[in-house]
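Residue numbers (the working numbering), protein chains in the order written: chain F, 1 to 570; chain P, 571 to 687.
Some hints here could point you the wrong way.
Pairwise CB distance ranges, derived in the manner of DEER restraints [claimed, not checked]: (1) Pro-177(F) x Ser-604(P): 39 to 45 Å; (2) Asn-650(P) x Met-109(F): 41 to 47 Å; (3) Asn-650(P) x Lys-45(F): 58 to 64 Å.
These are calculated hints, taken from the structure and not from any lab test. Don't be surprised by glycine CBs; every beta carbon is placed ideally from N, CA and C.
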Amino acid sequence: MPTGAKLVVETLRREGVKVVFGIPGLSNMPIYDELIDYLKNEEIKHILMRHEQGAAHAADGYARISGRPGVCTATSGPGSMNLVTGLITAYWDNSPVIAITGQVSRSSMGRKSFQEADVVGVMQHIAKYVVQIREVGEIPLWIRNAFHIAISGKPGPVVVDIPRDLLNAKINEEVWPEEPMVLGYKPFRTVINPDDVVKAAKILVEAERPLVLVGAGVFWSDATEEVMRLSELLGMPIVSTLLGKSAIPHNNPLYLGVVGYYGRAEANNALLESDVVLVVGARLSDRTLPSCNDIVGRKIIVVNIDPTDVMKLPMKVDVEIYGDAKKVLNMLISSVNVVGRKVGRVGWISRVKELKEYYSKYYYVDDEGLKPWKVLKVIRDAVPGDSIVTTGVGQHQMWIASFWDVFKPRTLITSGGMGTMGFGLPAAIGAKVARPDRAVINLDGDGSFLMTMNNLATAVDFNIPVITVVFDNRALGLVKQVQELFFRGRVVGIDFGPSTDYVKLAEGFGAVGYDVADYEDLRASLRKALNDSVASVIRVPISRDEFALPQLPPGGSLKEVILYGPRKGY
Amino acid sequence: MVRGKVIRVVCYYRDASLLEMLVGTFRKLLIDISWFCGGVVDESGLYEVYLGVKDSPNLLTAILDLSTSVSVSSVEIFDNADTSDYTSRDDGITKIVKIYISSQSKSDCYSWGERCG
Ligand SMILES: Cc1ncc(C[n+]2csc(CCOP(=O)(O)OP(=O)(O)O)c2C)c(N)n1
Ligand SMILES: [Mg+2]
């Protein structure tokens, strides 16, 4: 007679789960007890994280890199509550994470009992769905449903909360559901009206200055090839959102970079100068388009999985096509071929090149100290083209947005929607578990790294040799930048003292630490780190006075791009 | 009798978190709910909820969010429904809200990104 806990683990196995990131405690211990057999048979791996936030980020990193749901588990009370930041991060970036949380026994509920926390109440607005199990027999169906909900339509995290008495309860006969069954859930459909595709194709062919704006939908739907083919076919430059950046290889000469709040000036300008914008898999958030007026007046075609993203936009859209980006783009390509294409667009392409060249002189300034753009270039040249990069949140993330070259799709993951500091290291661990054959590098800020660096112990224990490069400016740099630019230089609450020693910190965890003084040091450390069989930390000193530019003023227009800081040389 | 916007939500009940989620969708967008009633319709868990909401610039967003929430089948908007005034107690007899909705007053219906009905 299997227990509820056995049903949990067996359903996970049947869903194809190979790894669970988590921390045990009283309420999820029955699950761990059943997991032992699966660990012994090497059917499922368990990665013991050092904080549940890290477990959720690791599951998220695993999901973003593998395209399959990442699974994490936590005990009731503090364990499940520690998942919150990780789950909302996955929710905002549409990443399929499954969290299995133990809950106190039903008889203890409502008495402020030990480690009781209202998981459903707390999490239902920070996850795609939360379900609390009421009967032991429904565990297989609801875990199955959780996977279905997490991965279908617009992906997102799902929490399954299971009272401990149900994990321990036995059942006479288990029923393995053939199909998921969720009443009141309809994953978005791909229903394409061929007339809309032809209309979109005609608009694109007739355009003088077309532009494609690529969002995370292209990443999730693996539609990189299709975007590039269409762009080449039409002579149509490409810009992206921060998350969409990972979908486009940057050696494509038509790619201009990220648009928006921390976008490249040439990308923002190209958007302003375009006459037709094809938006693929992007919801046009306030980061991508702080002011909707910037896009009004040109023809807009939107391809998106979720029609409500478009219904919420405060602007007119000329053609809306709803469905999976890959399918829609393939139809659009065929249609463009039938409609016939305008040859040339030489003027538009050379204008875009001109913009690129013009703005370079603002970006690639080289003077004293290690310059962030150059540090990124050195790293890019030193690591394999298919290396996976994760980030924290702050100036370093914005430098990556502007200056990191993605060569292969799905090789950059970052917390875009939530902007969660601390995402980098645990997400890198998840990514490396998903792709042990790839180099995985966490390009982190000192502040962000310190939020979840405890998971370095996990990386060492489990032989997950991720490399962390700490952009050490001894500051919450981005906050300082905002204070300098928009709070009249009143800098407060951002300084870190000189005492933290990143090399010792790494060594303290059994990792390898490198301190870097110049670019050559950085190259040498990277070479060693890539060959290290343990995790490593490379500390790169960056001046606390660097700015992450270009940026827009808060809520500003793409026209108001700020290219240099108030101090000379930055 | 008062006239107002009435939202009808057709959804599936698993536990009472359905109602928290539903109300929370409006609360998150700073929309006030003047009254609320509903209940189980059949054994499959089909549940129907009517809400009287104040008009708000965020209302469409709330409706679209609700119409794409797991458990919710569809969300309908009635623009000019007649409802009786809500009074909590009247000589020991509890009055409940009465809603009179003519089918013509339905202005829109959303279900998972599609317009319905
Ligand atoms: C968890 C969390 N807390 C606070 C913030 C606000 N915040 C945004 S950037 C930033 C500074 C980040 O510092 P660091 O990681 O050192 O990056 P830097 O800007 O110095 O490159 C802060 C505090 C946040 N995004 N996430
Ligand atoms: Mg910093």
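Evaluated hints:
Look at Pro-177(F) against Ser-604(P): about 41 Å separates their beta carbons, and that is inside 39 to 45 Å. Distance hint check for Asn-650(P) and Met-109(F): the Cβ-Cβ separation is about 44 Å, which falls inside the suggested range of 41 to 47 Å. For Asn-650(P) paired with Lys-45(F), a C-beta distance near 60 Å keeps the hint of 58 to 64 Å intact.
Comparing the model with each numbered hint stated earlier shows that all of them hold.
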